[in-house]
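Undergrad: So the sequence shown is numbered by our numbering: it starts at 775 and just counts up by one.
Note that these hints are calculated values from the structure, not bench results.
A portion of the hints provided could be inaccurate.
Computed cross-link-like contacts, SDA-like style, restricted to lysine to any residue with a CA-CA straight-line distance of at most 25 Å [as the list claims (entries may be wrong)]:
(1) 1083 with 1023
(2) 960 with 1020
(3) 1083 with 844
(4) 967 with 810
(5) 810 with 939
(6) 1083 with 939
(7) 1083 with 1026
(8) 1031 with 845
(9) 1035 with 1020
(10) 810 with 836
(11) 1083 with 900
(12) 848 with 931
(13) 1031 with 960
(14) 810 with 824
(15) 1035 with 1132
(16) 1031 with 950
(17) 848 with 810
(18) 1035 with 960
(19) 960 with 1133
(20) 810 with 832
(21) 1033 with 939
(22) 902 with 960
(23) 1035 with 953
(24) 1031 with 1110
(25) 843 with 898
(26) 1033 with 969
(27) 1083 with 956
(28) 848 with 1020
(29) 1083 with 825
(30) 960 with 1081
(31) 1033 with 970
(32) 967 with 836
Here are the computed distance ranges between Cβ atoms for each label pair [what the hints assert, rightly or not]:
(33) 963 with 1114: 46 to 54 Å
(34) 931 with 1030: 44 to 52 Å
(35) 1081 with 935: 41 to 49 Å
Beta carbons: idealized from backbone N, C-alpha and C, even for Gly.
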Amino acid sequence: MLKLSLRLRGIPILIARAIYGISWFFLSPYLPYLIKSLDAPPYFTNLVPISFFASAAIMQVPAGIISTKLGMKKTYTLGLIIMGIGDSLIGLSPNIYTVLAFYAMTGFGASFFFSSAGGTLAVVNEGKVATVLGLYNAMFAVGGIIGLNWGFLDALLGFSYASLFLGAVTVVMGFLNWFSVYPNNKPDFRVIKDLRVVVIALATSGVWGAYYVVSEYFPSFTYYVLGKSAILTGSVSSVLLLSSVLGGTLTGLFENKDKVKGIVFTGILGVLPSILLYTDFYEIGLFIMGLFNELCISIIYSLVVNFVKSQNSSLSLAVVNAIQIGVGMNELLLPSITGFYVWVAVSIVSIIPLLLLLVVWR
775 MLKLSLRLRG IPILIARAIY GISWFFLSPY LPYLIKSLDA PPYFTNLVPI
825 SFFASAAIMQ VPAGIISTKL GMKKTYTLGL IIMGIGDSLI GLSPNIYTVL
875 AFYAMTGFGA SFFFSSAGGT LAVVNEGKVA TVLGLYNAMF AVGGIIGLNW
925 GFLDALLGFS YASLFLGAVT VVMGFLNWFS VYPNNKPDFR VIKDLRVVVI
975 ALATSGVWGA YYVVSEYFPS FTYYVLGKSA ILTGSVSSVL LLSSVLGGTL
1025 TGLFENKDKV KGIVFTGILG VLPSILLYTD FYEIGLFIMG LFNELCISII
1075 YSLVVNFVKS QNSSLSLAVV NAIQIGVGMN ELLLPSITGF YVWVAVSIVS
1125 IIPLLLLLVV WR
């Protein structure tokens, strides 16, 4: 009964996490067409997601610090409301520069949501941190699946109305969580000085980056390089997130295991299959990559929460996410630099720092 109660108390946060996940991916399948309709150069295919990631990365730690004053629950609900407003404004954008600005606004809101929502979920599920954060990430993947298929809703409703709809749903979920009964914990600022969190984050930034290069760029890669439909490929890319759901739910298997070795093992398997994107077996590559990449990220989150305890977890999660986004988003530049060889480059720059973790961690 206790387990059931804790799960039930986390449902609004988990639903919000899925809706939050849609905003990370909903532009991906439609982006080439949006850029064309706004008469913008193709390189904006890379710059638009970077505007989101840069804003989210820059504001992660400030948002974590704000949670020490405002409280975790109020911080993450405010983030949802900001995200919803940003998504709605994207649908009304008259040019590519306002798309950049409003997607950066969505990223700003995302920084307020992630660490504080995860921290609150950990607090109300004390003792099952790996399990519940794995489920937290699984719900993000559910949202990602919806986001990668958002192109079909764009085609049905039109881009503007589809974006306004997403924004409205996100704002409503923000208010529902604001009035929830969850505790509004205020973390201890001193946990921000824990260098173990920084080391883990730096070593695994490539793993984080590889996942988002594939999810954000693979539809455009097939459109510009392989000459296939980006919307249909965006749907196929859902395999990556579908397997991520499975990976997140399996994180509980590492609840009492050596998490550092688990991070390295799952991290390698969460990057290397990107090479299969050159072949007819790309769906297998997407599935394996999604499964192990999500396992790796979920283990990372549970490890850094264990370092500082659940009630302080918004700050540790903010630090690790800020570093992973800030460093990992640079992999989004690789398509412009390496072209056809992007997946080889992604594998190299992601795995090397991960292996170094085994050397420096004692």
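Undergrad: Work down the list of hints and note, for each, if the structure agrees.
TA: Status of each hint after checking the structure:
1. 1083 with 1023: With Cα atoms ~22 Å apart, residue 1083 and residue 1023 stay inside 25 Å; holds.
2. 960 with 1020: The hint is violated at about 32 Å.
3. 1083 with 844: 19 Å, holds
4. 967 with 810: Violated, at roughly 46 Å.
5. 810 with 939: 23 Å, holds
6. 1083 with 939: 37 Å, violated
7. 1083 with 1026: Holds. Residue 1083 to residue 1026 sits at ~17 Å (cutoff 25 Å).
8. 1031 with 845: 31 Å, violated
9. 1035 with 1020: 20 Å, holds
10. 810 with 836: 36 Å, violated
11. 1083 with 900: 9 Å, holds
12. 848 with 931: With a Cα-Cα distance of about 33 Å, the restraint between residue 848 and residue 931 is violated, given a limit of 25 Å.
13. 1031 with 960: 29 Å, violated
14. 810 with 824: 18 Å, holds
15. 1035 with 1132: Satisfied, since the Cα-Cα distance of roughly 8 Å is no more than 25 Å.
16. 1031 with 950: 36 Å, violated
17. 848 with 810: 39 Å, violated
18. 1035 with 960: At roughly 32 Å apart (the allowed maximum being 25 Å), residue 960 and residue 1035 break the hint.
19. 960 with 1133: 35 Å, violated
20. 810 with 832: 29 Å, violated
21. 1033 with 939: Violated - the C-alpha atoms of residue 939 and residue 1033 are around 40 Å apart, more than 25 Å.
22. 902 with 960: 21 Å, holds
23. 1035 with 953: 40 Å, violated
24. 1031 with 1110: 40 Å, violated
25. 843 with 898: With a Cα-Cα distance of about 20 Å, the restraint between residue 843 and residue 898 holds, given a limit of 25 Å.
26. 1033 with 969: 17 Å, holds
27. 1083 with 956: Cα-Cα ~17 Å, so holds.
28. 848 with 1020: Between residue 848 and residue 1020 the Cα gap is close to 30 Å, so the pair fails against 25 Å, i.e. violated.
29. 1083 with 825: Since the Cα atoms of residue 1083 and residue 825 sit roughly 32 Å apart, the hinted pair is violated (cutoff 25 Å).
30. 960 with 1081: 17 Å, holds
31. 1033 with 970: Since the Cα atoms of residue 1033 and residue 970 sit roughly 13 Å apart, the hinted pair holds (cutoff 25 Å).
32. 967 with 836: Distance ~14 Å between residue 967 and residue 836 Cα, so the pair holds.
33. 963 with 1114: 46 to 54 Å: 47 Å, holds
34. 931 with 1030: 44 to 52 Å: Roughly 47 Å apart at Cβ, these two residues keep to the hinted range, so it holds.
35. 1081 with 935: 41 to 49 Å: 45 Å, holds
Figure legend: structure checked against the earlier numbered hints; hints not met, in rising order: 2, 4, 6, 8, 10, 12, 13, 16, 17, 18, 19, 20, 21, 23, 24, 28, 29.
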